[in-house]
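Student: Residues per chain are reported as follows:
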Amino acid sequence: MSLKRKDLLSLASLSVDEIRLILQTADSFKEVTGREIKKVPALRGRTVVNLFFEPSTRTRTSFELAAKRLSADVINFSPSSSSVVKGETVLDTARNIEAMQADIIVLRHPSAGAAEALARGVKSSVINAGDGWHEHPTQGLLDLYTIRERGLSFEGLRVAIVGDIAHSRVARSNIHALVKLGADVRVVGPPTMMPCGVDKLGARVYYNFDEALCGVQVIMMLRLQLERQGIALFPTIREYARLYGLTAERVKLADSGAIVMHPGPINRGVEIAPEVADSLSSVILDQVANGVAVRMGILYLLSGAN
Amino acid sequence: MAIHIAGGHVIDPGRLNGVADVLIDEGRVVAIGPHLKVPAGATKIDAMGRLVLPGFIDLHVHFREPGFEYKESIQSGAAAAVAGGFTSVCCMPNTNPVNDNQAITEFMLDRARVAGLANVFPIGAITKGSEGKELAELGDLRRAGCVAISDDGKPVMNSLVMRRAMEYALAFDMPVVDHCEDLHLAEGGCMNEGAISTELGLPGMPAAAEDVMVARNVALAELTGARLHLAHISTEGSVRMVREAKSRGLKVTAEACPHHFSITEEVVRGYNTYAKMNPPLRTWKDVQAIKEGLRDGTIDVIATDHAPHATQEKQLGFTEAPFGIVGLETALPLTFALVEEGVLSLESAVDKLSTAPAKVFGLAKGTLAIGADADVAVVDQQEQWEVDPTKFRSKSRNTPFAGWKVKGLVTTTIVGGRVVFEASQAEQ
Amino acid sequence: MMPSSDRQTERLVMDAGDIARAVTRIAHEILERNKAVQALALIGIRTGGVHLAHRLVRRIQEIEAAAVPIGELDITLYRDDLSLRKEQPILRKTSVPFDISDKIIVLVDDVLFTGRTIRAAMDGLIDLGRPAEIQLAVLVDRGHRQLPIKATYIGKNIPTSREEKVQVLLEEQGEDDRVVISKA
Numbered sequence: 000m001s002l003k004r005k006d007l008l009s010l011a012s013l014s015v016d017e018i019r020l021i022l023q024t025a026d027s028f029k030e031v032t033g034r035e036i037k038k039v040p041a042l043r044g045r046t047v048v049n050l051f052f053e054p055s056t057r058t059r060t061s062f063e064l065a066a067k068r069l070s071a072d073v074i075n076f077s078p079s080s081s082s083v084v085k086g087e088t089v090l091d092t093a094r095n096i097e098a099m100q101a102d103i104i105v106l107r108h109p110s111a112g113a114a115e116a117l118a119r120g121v122k123s124s125v126i127n128a129g130d131g132w133h134e135h136p137t138q139g140l141l142d143l144y145t146i147r148e149r150g151l152s153f154e155g156l157r158v159a160i161v162g163d164i165a166h167s168r169v170a171r172s173n174i175h176a177l178v179k180l181g182a183d184v185r186v187v188g189p190p191t192m193m194p195c196g197v198d199k200l201g202a203r204v205y206y207n208f209d210e211a212l213c214g215v216q217v218i219m220m221l222r223l224q225l226e227r228q229g230i231a232l233f234p235t236i237r238e239y240a241r242l243y244g245l246t247a248e249r250v251k252l253a254d255s256g257a258i259v260m261h262p263g264p265i266n267r268g269v270e271i272a273p274e275v276a277d278s279l280s281s282v283i284l285d286q287v288a289n290g291v292a293v294r295m296g297i298l299y300l301l302s303g304a305n
Numbered sequence: 000m001a002i003h004i005a006g007g008h009v010i011d012p013g014r015l016n017g018v019a020d021v022l023i024d025e026g027r028v029v030a031i032g033p034h035l036k037v038p039a040g041a042t043k044i045d046a047m048g049r050l051v052l053p054g055f056i057d058l059h060v061h062f063r064e065p066g067f068e069y070k071e072s073i074q075s076g077a078a079a080a081v082a083g084g085f086t087s088v089c090c091m092p093n094t095n096p097v098n099d100n101q102a103i104t105e106f107m108l109d110r111a112r113v114a115g116l117a118n119v120f121p122i123g124a125i126t127k128g129s130e131g132k133e134l135a136e137l138g139d140l141r142r143a144g145c146v147a148i149s150d151d152g153k154p155v156m157n158s159l160v161m162r163r164a165m166e167y168a169l170a171f172d173m174p175v176v177d178h179c180e181d182l183h184l185a186e187g188g189c190m191n192e193g194a195i196s197t198e199l200g201l202p203g204m205p206a207a208a209e210d211v212m213v214a215r216n217v218a219l220a221e222l223t224g225a226r227l228h229l230a231h232i233s234t235e236g237s238v239r240m241v242r243e244a245k246s247r248g249l250k251v252t253a254e255a256c257p258h259h260f261s262i263t264e265e266v267v268r269g270y271n272t273y274a275k276m277n278p279p280l281r282t283w284k285d286v287q288a289i290k291e292g293l294r295d296g297t298i299d300v301i302a303t304d305h306a307p308h309a310t311q312e313k314q315l316g317f318t319e320a321p322f323g324i325v326g327l328e329t330a331l332p333l334t335f336a337l338v339e340e341g342v343l344s345l346e347s348a349v350d351k352l353s354t355a356p357a358k359v360f361g362l363a364k365g366t367l368a369i370g371a372d373a374d375v376a377v378v379d380q381q382e383q384w385e386v387d388p389t390k391f392r393s394k395s396r397n398t399p400f401a402g403w404k405v406k407g408l409v410t411t412t413i414v415g416g417r418v419v420f421e422a423s424q425a426e427q
Numbered sequence: 000m001m002p003s004s005d006r007q008t009e010r011l012v013m014d015a016g017d018i019a020r021a022v023t024r025i026a027h028e029i030l031e032r033n034k035a036v037q038a039l040a041l042i043g044i045r046t047g048g049v050h051l052a053h054r055l056v057r058r059i060q061e062i063e064a065a066a067v068p069i070g071e072l073d074i075t076l077y078r079d080d081l082s083l084r085k086e087q088p089i090l091r092k093t094s095v096p097f098d099i100s101d102k103i104i105v106l107v108d109d110v111l112f113t114g115r116t117i118r119a120a121m122d123g124l125i126d127l128g129r130p131a132e133i134q135l136a137v138l139v140d141r142g143h144r145q146l147p148i149k150a151t152y153i154g155k156n157i158p159t160s161r162e163e164k165v166q167v168l169l170e171e172q173g174e175d176d177r178v179v180i181s182k183a
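Residue numbers (numbering that gives the first Met the number 0), protein chains in the order written: chain A, 0 to 305; chain B, 0 to 427; chain C, 0 to 183.
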């Protein structure tokens, strides 16, 4: 099979076969990134534009590296976030970029649905690099890749996703994909951070972290947006850390070989204790390394002639 | 010049429901009945097989003038109104500047006279600049021609201010209209809060944000004895509370919009900004409750909340795009769909579009009684057509109903005894 | 895997015996040409060349009792038609678990046709290191070269027309060993 789509907008819209194809393709690129010369000519002459309406050094760098290792030309374009406020449509910006003959546009935007709207309006392929609270599909895919790399199979896999589920695009992408692949997905956090009807996506809701950890094989921590303190989501960082911070003692409640994931950047001592982040069970740096291989795979698969 | 509307099915809710001729002269209905003696030279409108109805009255439109004429002017809004069979419209005060003083009200009435299409009744602001702090000069507004007061779009959050407004409005017998939304609960929201907002990652506005304010407003209406009119109610909870308030004899009336009884939040999928309005599209259960409220009389009036926005504004992302859709040119067929569905009788549908709204705001309209203003809509109930926003008279095209195959077409609209709209051959 | 049902339109050009003899001969030729067996390594081009490379390595071992390293090369990322294709081909993994620098590399493929695959394979190989020498072994050379590329070892030269299809079917793919020509 092959990827018969122009864009990668969400994991909700991908089939299981498509997810597996992307992961399998990433294997080849993982091999490439292990070479001394980490570059292949597959996207020679292609132009990839990183269009970031929201600052994100990590995701942008990962895409940039992925595109460069495929020999594509990469342009980073970061319109000031004020242009969003100014009322310039994403489409206007993108059409300008398309006029420069970009083959693939990687879009990060603060509002949900921006990638979908863009994809409808341009001929270039669009990769959603995070849209509001909606989805962050490449992060989800690199998380899946990292789980699979650890030899875990998705069917029946017990995964806890912990933190501010309501405002997390990473959580949504992972819930969609993991549920589709047959995993037992638990979402954990205070009720103020639990979006309405999240159980309808196929996840089970837990408010008690210790209870949720029982028997899980994957602990996926989300980054806490510290600025949400006080605006009714949680009273203090101190209390949040006590109730929902991942400590070494808590890790013991999970399955013995459980792995600890985090999309970064981490708040050490808040959602995750430093000794856990640096422990053997932590795959946080593997996630970063795999991010490049997975994104190379996605860029490759979407780079078919238009 | 006299107009003779011949052989139509006349529905004047509560008064007449049957085939009759209608004779209009000098701006008034002068005779009604079978086989009228028609003066020589009268214009004849053949209404055989059509409905002859008192012109519709929309208690809730946004005509954007002054301030946002690129979205809609009083002229273009009135043209859209008469094309939809509306002969009178009540304009919300959220213009720029806000209609919180006599000068703006007079300006709006003046523009309406120049347009010479629909009757325009301005609604004055409750508070200065609709800022929710100090009362506007309600007496002046009344004298200048405002028929009600509202801070629509910017609900009055301070309950004490709302209490004072209700009390003060009693002196002028003006209905107080509130857009019920707790701004704190709904903050940042852009669609109904629920499983779909979760899936789409869009900030939600819970139904409770509306219900809380309906409850408050009902309590204040009871406290003050004011005439409270609840704009565009959209939730099951609102319907329940209004029903209860009415059963206790409070002077509470309510309106519902066609989109709130025709479509649900499902339409938002795909980040369709034409499905973004406030209050937002709700769930199937809410739609059922609104229909039941219309059926049992809890909801008195169907109003459009006609809210034009330019295409480029609706092309923004879903979270940035403005709230609102146009409604004047689609309200009739969407209301008639309720008749087909058996929710409303034809007569009660006409009542909710015409007679009831006149009563709620105390307008001497909404009837075809002899001596009444000759505001008439002639309608072909069976005519099917496809909604094509490019043909709208409104300056804006923001509707979620584009491409819908609907039934019920306005063929002629008469305002004050003058034909102001006739459907072209192509449309019939 | 190619379907082998249309036997009536196929023409058999090599049978199992022919293939075995060709593999044996090439193994001998490789050894003859490269006296320093310890510098030798075989790399099969995915997918057709991989099984042949394994057979050659086995034969070499039988003849010389020397273990020759073997690798598998996926050339997809080096193809010159990627930007022309609507859907990208499935990638397989490249696996070359030894350092190719200063080695004598024998690239192995089943059919040599336009030469574009071999061009891509050489590019791919050079990204992995700097071999002392690259040689090429193919079971079938069917002509119609579009690039100046020549095989070092050839099982059989088979004249074909451009439209014909040459298929090498092997036991490892669940087929009887044979080479057939069919009309495309």
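A couple of the hints might just be wrong.
To be verified - Here are the simulated BS3-like cross-link-like pairs (lysine-lysine), alpha carbons at most 25 Å apart as the crow flies:
| # | chain 1 | residue 1 | chain 2 | residue 2 |
| --- | --- | --- | --- | --- |
| 1 | B | LYS404 | B | LYS394 |
| 2 | A | LYS199 | A | LYS251 |
| 3 | A | LYS67 | C | LYS85 |
| 4 | B | LYS404 | B | LYS153 |
| 5 | C | LYS85 | A | LYS122 |
| 6 | A | LYS67 | C | LYS92 |
| 7 | C | LYS164 | A | LYS38 |
| 8 | B | LYS394 | B | LYS290 |
| 9 | B | LYS284 | A | LYS199 |
Hints in this document: simulated from the structure, not taken from any laboratory.
Student: Next step is simple, just say for each hint if it's right about the structure.
Tutor: So, going through the hints one by one against the coordinates:
1. A C-alpha spacing of about 22 Å is found between B:LYS404 and B:LYS394, which places the hinted pair at or below 25 Å, so the restraint holds.
2. For the suggested pair A:LYS199 and A:LYS251, the alpha carbons sit about 30 Å apart, so the restraint of at most 25 Å is broken.
3. For a cut-off of 25 Å, the pair hint linking A:LYS67 to C:LYS85 stands: about 22 Å separates their Cα positions.
4. A threshold of 25 Å between alpha carbons decides the hint, and for B:LYS404 with B:LYS153 the separation of about 35 Å lies outside it, so the pair is violated.
5. For the given pair, C:LYS85 sits about 14 Å from A:LYS122 by alpha-carbon distance, which is consistent with the 25 Å threshold.
6. Using a Cα cut-off of 25 Å, the hinted pair A:LYS67 and C:LYS92 holds, with the two alpha carbons roughly 20 Å apart.
7. Among the hinted pairs, C:LYS164 with A:LYS38 is inconsistent with the structure: their alpha-carbon atoms are about 33 Å apart, more than 25 Å.
8. For the proposed pair B:LYS394 and B:LYS290, the alpha carbon gap of about 30 Å is over 25 Å, so the pair is violated.
9. At roughly 17 Å between alpha-carbon atoms, B:LYS284 and A:LYS199 fall within 25 Å of each other, so this suggested pair holds.
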